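Peer 1: Residue numbers (the numbering used here), protein chains in the order written: chain G, -10 to 639; chain F, -10 to 639.
No lab work stands behind these hints, which were simulated from the structure alone.
From a predicted model like this one, the values you see are computed outputs, not experimental measurements.
One copy or two, it doesn't matter: identical chains are merged, so the pair holds either way.
Once the Cα atoms are required to be at most 25 Å apart in a straight line, the calculated SDA-like pairs of lysine to any residue come out as:
1. Lys110 to Met99
2. Lys110 to Asp611
3. Lys110 to Val609
4. Lys563 to Tyr193
5. Lys563 to Glu263
6. Lys110 to Glu100
7. Lys110 to Asn593
8. Lys505 to Arg31
9. Lys326 to Arg338
10. Lys110 to Glu607
11. Lys110 to Arg569
12. Lys110 to Gln566
13. Lys563 to Gly261
14. Lys563 to Ala194
15. Lys211 to Met245
16. Lys110 to Val637
17. Lys110 to Arg565
2 protein chains.
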Amino acid sequence: MRAKRAIWAVAAFAVIALAIAGPQSCTRGPAGASVGELARERGLSEADITAALKTYLPTGQLDEYVMFSSGGHSGQVLVIGVPSMRLLKVIAAFTPEPWQGYGYGAGGTMEALEGGLVNGKEVLWGDTHHPAISETDGEYDGQFLFIDDKANARVAVISLKDFETKQVLHNPLMGSDHGATFVTPNTEYVIQSSQYAVPLDGSYADLSEYQERYRGAVTFWKFDRAAGRIDPSRSFTLELPPYWQDLADAGKGPSMGWVFLGSFNTEMATGGIETTGVPFEAGASANDMDYLHAINWQRAEQVYQSGNGLRRIQGMSVIPLDVSISEGLLYLIPEPKSPHGADVTPDGRMIVTAGKLDPHVSVYSFEKIQDAIANETFSGRDPFGVAILDFDAVLEAQVELGLGPLHTQFDGRGGAYTSLFIETAVAKWSLEDFTLKEKIGVHYNIGHLAAAEGDTRTPDGNYLVALNKWSIDRFMPVGPLHPQNFQLIDVTGEPMQLLYDMPIGIGEPHYAQIIKADKLDPWLVYPEVGFSPHAMASDPNAVSSGEERIERNGNRVDVYMTAIRSHFTPEHIKVRQGDRVRIYLTSLETIRDGTHGFAIDKHNINVSLEPGESEVVEFVADQAGVYPFYCSEFCSALHLEMVGYLLVEP
Amino acid sequence: MRAKRAIWAVAAFAVIALAIAGPQSCTRGPAGASVGELARERGLSEADITAALKTYLPTGQLDEYVMFSSGGHSGQVLVIGVPSMRLLKVIAAFTPEPWQGYGYGAGGTMEALEGGLVNGKEVLWGDTHHPAISETDGEYDGQFLFIDDKANARVAVISLKDFETKQVLHNPLMGSDHGATFVTPNTEYVIQSSQYAVPLDGSYADLSEYQERYRGAVTFWKFDRAAGRIDPSRSFTLELPPYWQDLADAGKGPSMGWVFLGSFNTEMATGGIETTGVPFEAGASANDMDYLHAINWQRAEQVYQSGNGLRRIQGMSVIPLDVSISEGLLYLIPEPKSPHGADVTPDGRMIVTAGKLDPHVSVYSFEKIQDAIANETFSGRDPFGVAILDFDAVLEAQVELGLGPLHTQFDGRGGAYTSLFIETAVAKWSLEDFTLKEKIGVHYNIGHLAAAEGDTRTPDGNYLVALNKWSIDRFMPVGPLHPQNFQLIDVTGEPMQLLYDMPIGIGEPHYAQIIKADKLDPWLVYPEVGFSPHAMASDPNAVSSGEERIERNGNRVDVYMTAIRSHFTPEHIKVRQGDRVRIYLTSLETIRDGTHGFAIDKHNINVSLEPGESEVVEFVADQAGVYPFYCSEFCSALHLEMVGYLLVEP
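Excised from the complex, chain G in its bound form (with noise of 0.2 Å):
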């Protein structure tokens, strides 16, 4: 098939390279215009046409990768081909999203929402950064997503088997995070760290008592991959000095067991401009080194095990300051200046940060870092007692790149390309001799960038997205609020090549991670007909072909129903107002394009019922009145005749 098509696409490829001889002997492709005029009539360059062939996908063929990208304050997360920088699906993560049924209805994402209720409170949105795919030795595996929310301190999980949301959690010792999420190599813990300090135990404190009450955290989820969830009764955090801290690496390699969290703001500053005058930006920049924090969790994971010393706070396992420096699991590396990314090489031998306010990168040598701990090469402590390692006993290098450096990746070849925000370039240099090599200007402000299995030990090397922020002038207008821009550059030689200009018009993508497709192996059906999304498992109360029927108990009308094209059955629900209702809803389809969706008229409920899938919907016949239920994904030629109808008798 592959060999016939490249046959045919050679046969064919003659015929036009024949042909474009010259302008006067063009040949015409079937809407009657040759290459060369398209080109002129479009403006196209050569490189453009280059970009042009290679980011074009003909109907049906696939993308090489798969990137995921947060959402940013979507709440969700956005699932993108690469090349072609298609989005192939936005995932509900934190914010519910009828489309998907997810949080509407359904009772397993009813479930997977509630475990992120925010004290009792249900806090429907969140604020996505950092995408985090499954790891096993260093590697992307494709099995699993997480995501966190910043706005709200939670962490969610999502299936790479049917792409959804399986769990919700809150973190209750945090206000808000920004090192999240990120996976150990084998996801043996999720790491999520806070960004602005509170105090821990969720009580007030004044502002005032900033440096006594307020905490930093980073607490390390347990994953239990066998039940596909973070498992809060075998997970830990560690208490932390009150200062910003930022994003984060896991070591890997040679610092396997290790993570490192940048931080700003270690000046304690509290903001106030409205009296001191002084605002926080400026307050929080005032001193030229800030630290990044190495940490040790393989050892803290041992302490949280022995129980020694621990401290139980809002029901989690923290590991106090005391402790974590008596035991070595802390340490305070200065990193100028208000730095944002942390970033272990492929290797695991040194870990690059990029210091916003500062033109460089800095970069460590794990090994130097040890040494340093091991001879207690120490500038001092800091006010928590926290030892600070001498700055020129761990630095291999640094490197003047251009303003605002952010956030590093590397391309497996000794190459490395870290984002530079007021510059709104990318800049590519070595790890080898820490020069730099060349820039390439993006349209604008580019955060984030994301290479193709970036975050592995071993990166690709020909891929590398910058997540830019709005485009400002690079697409159609569509009013104040500027789509971002992804921008696809080719890495594979030098100059890098831009390739493609994507507008994000849903959420402003934070950080994103790009898999080899070939690692995933999603359901493209569920696995039996009766399968439960959210148990992962058959569903007990799944209803069979001809075990359709409604069952009272007092008050209570249980709905045993199917779906199947282009019915519902049963097709008449009467009950009585004040009813409680619980909808048990089995999809019999078998086939790949055999989604229906239940939607009931005037009651907030949409359910997406995949092939095969099981759901429950529970609600309360509050209002008499007659309200049609329909399928609400355009089945079948009979779809608008998939439809019930919902009695209440007042």
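Given chain G, put chain F in place with the hints provided.
Peer 2: Same frame as chain G, now just chain F:
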């Protein structure tokens, strides 16, 4: 500028064209691959190369068209550039969306959503079906966009100045809608017709009373262009028989003043597969003919304004069926069989319907319809006394196209394009000789289609988008819920050429309209600092620089706050538990890349504050504690420092 680029492009192309004389002498692009090598490598045919060049836009080059697509049961509207098929924005309409700050505290958006309360209940999703761009003289004018919510019988009004939803309205007479939204040629009215019949007064009635008590309806919502709102007090509704009315289209030119609605289930089947063994899809498909409804809305408007015979039902002015019959407002026209589309030709002389269970399109002459009405050439009356025009007397032609014809668009050159759902193809046929010209296969199961300027008096006839259903195997799989697939088709010549596949990873679009981009004139920032997007005027509560303050009145706390990069003023808000807090929030920014977010941790609040925007946020501080608030848009290098603390004293 344009000329310069064109010359350069010609020069660049000459190099390519000369170089690609044969595989041996390929020129190399910046990334080291020739057009020929790339084409071979990617398996591209000559048609693929043409398609790639026709759809590729170099960075910063803008699309020629903008497509507004329904987002199906996502409840939103998708804005897509054509021909690049890039998703420019998801506009939140019925479903809260935090990135846009829609429904997460911002006062104007909360007010819009409250307009959509359903019998006093929050229904926080919608099933959007048919967007309609506002029209002047039968041409899209690019000022407003309307969209319906089938599930809850609602209509939303979106301003195309800032691409935000300004109004949501519930129609209490309907259970669900389908023939919505469509506009009359000067946007005098926004049309919404019901789908599944219910009692108009919202009361309970058993299905045994279906013919007596259940009814269809079509509402003409009066649009006040100056106010940018629908005015319910000047809107009226026609009672219709309890058929299931389907798609609608307004007459234009000679047929100005009329509107046409398809329908199905004229059998008035009431389903009940579980007891009768006859499901809805069989009962509602028994007859060979259903009815196209021809409605004289201009005369109906006069009847409404006269007040004669009107009924007031649930606050709406309703023209009863007997009045419609006696005043000549409503006629039925036989149409085969379970039809979907009803489309008026650009010249306004014909109406095209397609019965999804009949292989033909049926074309009706408006002139013949008028003659039949004038001469009372009726074949009978329906059970409600509505005159049925004689089929042969009003039919202009039937054209056999294939299986499952649904919806028709036009190219302005006498060409008509009809989607074939079952055959999964687009058929091109001629309005001049009523013959089938050609077909093109699509992937798969096309619902609607949208042509460039396709619903205007003067379609552009170059691009057509096939709105296909589940893509199944067209893209990298993302679990059992497959994306839909939009396919861009070049219809400038014959044969039609497939240019591009675009997965729809959010929602299930039903219909779209494509407008020339230069007809849109959106704001790039708000017109002035302190502008209210809800009032679309200066906000009297806008806060000026230097006027920031906090005022307490009993247990109410008013915060007057400004935002400018990179700080909020004030940065500290201290209140007592139980206080009602109102934050007046004004962006002092005036430049395009100056959007800020305003998120309060753990309070379900996120505002998107575009440059100049003024909003108000209100909440009860019901839990003591410390809550950071921060800018949720990456606005500057010191964005992470744009933060403050909400302190809630116990």
